[in-house]
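Here are the chains, one letter per residue:
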Amino acid sequence: MKKAIRRLLQFDAPYTRFELRETESLGTPSFFARSRARRAKRTGEKGTLSSRLDENRDWLCECFHAKINTDLILRPFCIGADRRALAVNLNGMADDTKVADFILRPAFRMRETVGAKELPAYFRDHALSMQETELSRSREDVLRAITEGRTAILLDGTGEAILCDTRGFVSRPVGAPQNETTILGPKEAFTENIRTNVTLMRRILKRPDFVCEFRDSGGSNRTQLALAYLEGTVNPTLLNEVKRRLDTISTDMRLTVGRIEQLIEDFTYLPLPQMLKTERPDRAASAVLDGRIALLVEGCPLAGVLPITIGTLMESGEDRDMRQPVGTVVRIVRMLGALVSTYLPAYFLALALHHPGQLSSEILETVIASRAMVFLPLWMEMIFLLLVFQLVREAGLRVPGSIGHAIGIIGGLLLGQAAVSANIVSTVVLIIVALTGLGNFTIPDYSAQVAAAYYRVLLCIFATLGGLLGITLIGLCATAIMCSVKSFGVPFFTPYAPVTKHREHLLFSGKLQQRAHADDWSNTERRRV
Amino acid sequence: MRRIGMILFCLTLLCSCMQSKNIDEYAYVLNVGVERGTTMPYLVTLVVSSPGGSEETKVRNEVISAEAMSFSEAYETLNAAYPSRLSFARASLLAIGEDLARSGEQTEFLNFAFGKPDLWPNLRVVIAKEPIRDVFEGWISEADPSLRRIKTAVGDLEKSSGITPDTGYSMYLEAVSGAGFDAMLAYAGTNEYTLTEDLPGGEAYPIVGGSLLVESLLNTSVAGSAVFDGDRMVGVLDGRHTMETLMVTGAFRRGELAFRLPDGYTIRVTLYRTHAPKIRIDGQQASVTVYLEADPYAPQTIAMESETLKAYLEAQLETELDAVLKALQHVNSDAMGFGRYAVKRFYSAADWEAYDWKADYRTMRVVFEVNVMLSHSPHDPETE
Amino acid sequence: MNLRIGTFGKQESAAIVLLASFIGGCFSFDSRALFGNGNASYLVQILALIQSLLLFEAVVWALRVRGGNDLSALIGDARWKKALAVPLILALLIAAIQPLGSFLVTVTEYVFVESKQVTVCLYLLPSLFLLTVLGAETIVRTARVLLPILLLSIVAALLSGLGQYRWYRLYPIPFRDPYGIFMLAGSAQLRTCAPLLALLCIGEGTQDRMAMRNAGRIGAIAGGLTAAAALFALSLTFPYTELKMMPSPFYRMLVEVRAENPTLRLDRAVLFLWLGAAVLIAAFYLYAACVLFAKTFGVRDSRPPALLLSGIAVTLMLVLYYDSELTVAVLQGLYQNSWALISVPIPLILIRRKRRTRTCAASE
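Sequence order for the protein chains is H, R and U.
Yeah, the first sequence ends on 532 if you go by the working numbering, and it's all consecutive.
Yeah, the second sequence ends on 417 if you go by the working numbering, and it's all consecutive.
Yeah, the third sequence ends on 1142 if you go by the working numbering, and it's all consecutive.
Read the hints as simulated data drawn from the structure, not as lab findings.
Be aware that one or more of the hints could be misleading.
Facing chain R, a subset of chain U residues (Cβ under 10 Å, in silico) [said to hold, decoys possible]: (1) W858; (2) K860; (3) L862; (4) T897; (5) Y943; (6) P950; (7) Y957; (8) D986; (9) M988; (10) E1034.
Calculated Cβ distances over 12 Å to all of chain U for the following chain R residues [to be verified]: (11) R301; (12) D315; (13) D328; (14) R373; (15) V400.
We put the beta carbon where it would ideally sit given N, CA and C, even for glycine.
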């Protein structure tokens, strides 16, 4: 009996929730979160090429993590009869035709025999029919060339590489982002092709430690997924946990980023997203540079970024492009917008129904005069208008382009005016709901916007029931729940609670110099401290 | 388990729904007045703001009154008579009838009143010389229908002219609770009556310095002050003497006084406080030093040097302060607040409470010293 | 064990101690006792803070010597461990309901005049229960998130009353009776000691003993001094003759700002913000009591005692604050004697049981 009750109440169950402890590798942060700078040293990039082809190949495989990174193409061939060579490039970045026609074919046709030392220059001058070629002994040059989409030809016994311009990206046009529009930022968006998406990211992340690990999802459909991250920067515990969770997916559903998020997240009932869904390659690349993981799914024009914090949801793609003072003002306006959007209707209801003395005489008179002939009770009027606003918004989203804009105008102007004329709603409430709607659009993330919309209705109900007491207690519970939530082990209010060594302010945009390296809140290996 | 928990959670909250009313179901009381009634002990008068039926209609202010045995009875009577429920949440001014204030019965009544409705202790309090209905109606005009700024105006009067004190209900309560000073409340009356009052000492003088000759929308004026001994009103000070009393309490900021010079000319002086007054009490002796800056203006040339004028103003103010204090001592009112300095000698509440400060105050000798700093010479043509 | 303590850093721990010290110092005193003999509440607060810090340092020193992480480790070593834990749990329970009860009175007296205490309590119960069940990590992180807003509201409240402050209201300062002040500080000890006691109970979650010690020191000193500053401001706003009769002096202080605000009055918003903090603090105390209870009596989950203690706290609050006559009698007794619930068991806990010492010596 005791056992049954215990099982029913789920008491005594071990606390198994995954979390990245802030103490994991760097020790405890000091009280004021200052710390000694620590920077991991990159290895393997400096120096010159070996004269042995096998050594060079091994070195490249190590650099590009070739075992898991299937992007790297290593094409061995022979120049003339016996000179072994290796053409190296990245899949999707280099044009296959150029490599075949202007590198491999002339190499196979070459009959002359020259000494090993003279071969690179001779091969470039007499065989390669390419416009832009370069000879280099530097490993760094070779790595840069490969990540840029060029092909490096390594020749056995020479210690020198020929870097040929074979850059040729995917030909499918990449469109502009539809939902995450920016003024200062780039205007590219992900497509449905996972290879294209990887290429789009790789064009931004020109470094050898950027790894795109392809894997199949579980279930019979075997959708192709890619985990993009910086090897040596990302927290390996986090990476392993994400892989473990991806392995648990076993479904026949068509998988998208949104569905995968729901399948691998911790808190299913939380309205707030636990993964950032972005259609912008630059935003995903920025996140990867910060030490996070980007999840790409075949057939989905979005990338999922994880883990996230409340700051990530309130950050727009072009925040870092703006100058410091302007950026700060924009952020403050955005936060005010979000606060107004969430709390204004409930606060107004609480004051109007329970604490009218808190409103000044002028506002009281205006509100009372505007409600003179309205037959609905105030709370019902407010909730009705909030729902109408959601209706207009949903309708505007779902119908095709030009009609969508028209619906916004019709809903906003005509319906509002008609409702006021018909004494269904009062002008003051209409203004509050309009302000709320405007504020809601300042929240950059769509999922967070929707979450805020429903939280607002909940707050309105409790403001009606218990005035400011209801709002306070619901606000407290919501804050506590958000504080208990972890997005893939990272608490939602990081870096404020828990405090981490590097704290990027939610309101004040800091100097760009401070953002030289990755975030430290997910305990990245090469972190910004 | 979770579902059951959620259901219980929601049910719990639904049980605890607070009582609420729509904002437009209330009528908001702006001013509250209480005075002695004719058939019953209290006559309660309220100014109620009731917005009109549509957005175009202006807000109307109505004055309603009821006689009753207590405040709650009057409140219920008025509530029953008025179509909307009365809310005191925005009440900003409390007027007490002079007859009631002189009897000292208002404190008990007010203590009860402040316990019940949504009435806030940050009201400004005035003593009404005439029937409160007349005073309230004198304030209502087409120019400012909501009466909302009257409270601010009374407060500003203290800062800008010094002819009336800015005393709130909590300050009044503090004075009544024995905090070391007596209350001094603003004095309001309508212009239709002759505003004169005899202060003990025999001299009669007008409450308001002049009388309004222009036809004005507002017929009620606030000037001078009613002084209290504990919770009982004992006398009235005119605007000039109120200003001088405020110079000693430290509440004076700026004011204008006229002085008749020995050669028969009248000079107008705008006074500003430069430092807080210094008060020292040593047994039965006290010394008060007041620091002022004076900006004199004479419409005609006067044959007086700056130093002479300074000395004259200082002597004049010291004499007047002495006269005001004597009058206040006579009625046993410590409106200047000497008790606030007397209390500093005590290191135990019991000792202070056992000590009869008022007995010593009545016979206390005070030396006033006024330091006037002339901002410019009276000959200076730039003045005004 | 499933106690849901989690892990938290120094700033979060300091934040919860700071908030608890402030809320305890400002919202759970007995006006009649504190201001009955003059106006020295701020001195009492500082003295009580010093007494509590001494007690805290003694416990931390004992933990360092014996190698424990939290208070239950010391209780485990002591004689009559269950008997010693019970008064501490009671002390935490009283510390939880004192500020909440004070707010309950304020809310029913000034805000929801037509509602009963039970209605307000029904609002508090679910939030209290939820917070207590979510555990220490959530509570301290919430405190860290809310701390800037609350500090801002405190500073704004103190600054807005600047025009009302008068020095003469401080007098008479009861210097003639230092023993009285010391005794008042003793009876105020629960208010300043409870945050540190609760921190010691959940010490396992702090990263190490030093982190706990530093957080406790910083939080208690900052919170205690903020509370003392607020009490000082209160003493400058009202004379002691009024304060000793006032049910909710801090709320009255907010209302005192006389100027007609052209747009909004924010006194109720600030009041409810502080009420939210009081609920959080109550949950912190209740959770600490749960952990102490669970560790001492061998319960392996924090949720059953959380459910139990939240219920008891709200019921006690209703009983104590429902009937005014009973309130006066019981509350005065509780306020004046609650110090004994901490000051008596803590020294006893510091004394190690002899048998244990032998065992340790043998193992060494």
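Going through the hints against the structure:
1. W858: Violated: closest Cβ of chain R sits about 37 Å from U/W858, beyond 10 Å.
2. K860: Violated: closest Cβ of chain R sits about 30 Å from U/K860, beyond 10 Å.
3. L862: 34 Å, violated
4. T897: Constraint on U/T897 satisfied, holds at 5 Å.
5. Y943: Nearest chain R Cβ about 13 Å off; hint violated.
6. P950: Since the shortest Cβ distance to chain R is 4 Å, the answer is holds.
7. Y957: At 12 Å from the nearest chain R Cβ, U/Y957 fails the 10 Å test, so the hint is violated.
8. D986: With a closest approach of 35 Å, the U/D986 hint is violated.
9. M988: 39 Å, violated
10. E1034: Holds - the Cβ of U/E1034 comes within 10 Å of chain R, reaching about 6 Å at its closest.
11. R301: 30 Å, holds
12. D315: 16 Å, holds
13. D328: 25 Å, holds
14. R373: R/R373 is in fact no farther than 12 Å from some Cβ atom of chain U, at 4 Å.
15. V400: 21 Å, holds
Consistency note: the structure conflicts with the earlier hints numbered 1, 2, 3, 5, 7, 8, 9, 14.
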